[in-house]
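Listed here are the chains, written in short residue letters.
There are 2 protein chains.
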Amino acid sequence: MKLDVIDKKLLALLQENSRRTNKEIAGKLELSVTAVYERIRKLERGEVISKYVALVKPERIERSFTAFCQIKLVQHTKGNVTRFEKQVSQLSEVLEVFHVSGEYDYILKVMVKDMEAYRDFMLNKLTALDHIGSTQSTFVISPVKNTTALNI
Amino acid sequence: MKLDVIDKKLLALLQENSRRTNKEIAGKLELSVTAVYERIRKLERGEVISKYVALVKPERIERSFTAFCQIKLVQHTKGNVTRFEKQVSQLSEVLEVFHVSGEYDYILKVMVKDMEAYRDFMLNKLTALDHIGSTQSTFVISPVKNTTALNI
DNA sequence: GCTGAAAATTAAGCACG
DNA sequence: CGTGCTTAATTTTCAGC
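One line per chain: the protein sequences are A and B, in this order. Its first residue numbered 1, the first sequence is counted upward by one per residue in the working numbering. Its first residue numbered 153, the second sequence is counted upward by one per residue in the working numbering.
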């Protein structure tokens, strides 16, 4: 799907705040409300926009503690990999899982209440999974930037 | 701010899809439309919900290549740290920056078109910043899970 | 693909238990 | 805190260019 300059501006606006009205966007882009409406529909149907979500402040719900956890598997058979990925994806503390290159096989972003909760997560949930070789945790001291918006 | 069970269900619904109508939510939670409306307003004013955003599929806009870049600073004076954080936050390829514990000082999540674009980013943008000591890149082979929703 | 106006749906405000 | 009613605003559809 081809995106023109207007589409890109539109995506920037919606990535920043998806509750803008079509009228407001129409004003900013100097288009009619219907034109904005149709462009948005096109971006949704073309799956450029995958979804609309509300973002919750972690500190307001006791999930301020963020850690990156790198994981090595013991054996990389297809079955093991699939099973591990499925199991780890089901853990609610784990927001992101990436299969990566390098010394470790996976990087996880984990968000919990505090260090104690993290310890509990590691002991009772993560290392309870099958096929985990070794892990290495890196703790976030402070989040400097954290956006979901891709600049186009 | 105290959240009851209904608030938590409401947050789960809005984190999954923020375009649900109050009517639809009211049906799911067995409340009136106005009650849903007021609860959402309260969550917004109490800054439990920080914002509403559209999520864009990276592969549809040529940003499929994701890397984690770990960075060590040469000198940790307050001025250096502040300046580095400000500069790195301005790079559009960098979606996330975390000051972290451990061997490296920062973890960046970088999204670009491909490996070539990453090389270009490293050579011309990142290592052009002041005070960077060493870096280490880890490349995403495949994203296994990637959600913005915090389970409450 | 855009415009402008009409129709349908939703959000916001108000009186009240 | 909740409900139900009323009004305002927005989204969605449609004919026409």
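Hints may be right or wrong, so weigh each one.
Computed Cβ-Cβ distance ranges for the label pairs, DEER-style [claimed, not checked]:
1. B/S294 to A/N151: 22 to 30 angstroms
2. A/N151 to B/G285: 21 to 29 angstroms
3. A/E24 to B/V226: 21 to 29 angstroms
4. A/H99 to B/G285: 40 to 48 angstroms
5. B/K230 to A/P143: 17 to 25 angstroms
6. B/A164 to A/E44: 21 to 29 angstroms
Now the stretches of chain A that chain B is said to cover, found in silico as 3 or more residues with beta-carbon under 8 angstroms [said to hold, decoys possible]:
7. 24 to 33
8. 49 to 61
9. 118 to 130
FYI, nobody ran anything at the bench for these hints, they're computed from the structure. Quick reminder that beta carbons are idealized off the backbone N, C-alpha and C, glycines included.
Verdict on chain B covering the segment 118 to 130 of chain A, criterion of 3 CB contacts below 8 angstroms
violated (count 0)
Take a look at whether the Cβ-Cβ distance between B/S294 and A/N151 falls inside 22 to 30 angstroms.
Cβ of B/S294 to Cβ of A/N151: about 23 angstroms, so the range 22 to 30 angstroms holds.
How does the coverage statement for the segment 49 to 61 of chain A fare against chain B, requiring three or more residues with Cβ below 8 angstroms from a Cβ of that chain?
Coverage by chain B holds here, the residue count being 12 at a Cβ distance below 8 angstroms.
Starting from the hint 21 to 29 angstroms, judge whether the C-beta atoms of B/A164 and A/E44 obey it.
holds (22 angstroms)
Are at least 3 residues of the segment 24 to 33 of chain A within less than 8 angstroms of chain B when you compare beta carbons?
violated (count 0)
Honestly, do B/K230 and A/P143 meet the 17 to 25 angstroms range at C-beta?
holds (18 angstroms)
A range of 40 to 48 angstroms was offered for this pair. Does it hold for the Cβ distance of A/H99 and B/G285?
Distance hint for A/H99, B/G285 is violated at roughly 28 angstroms.
Given a hint of 21 to 29 angstroms, does the C-beta separation of A/E24 and B/V226 actually sit inside it?
violated (46 angstroms)
CB-CB spacing for B/G285 and A/N151 relative to the 21 to 29 angstroms hint
holds (27 angstroms)
Of the numbered hints listed earlier, those contradicted by the structure are 3, 4, 7, 9.
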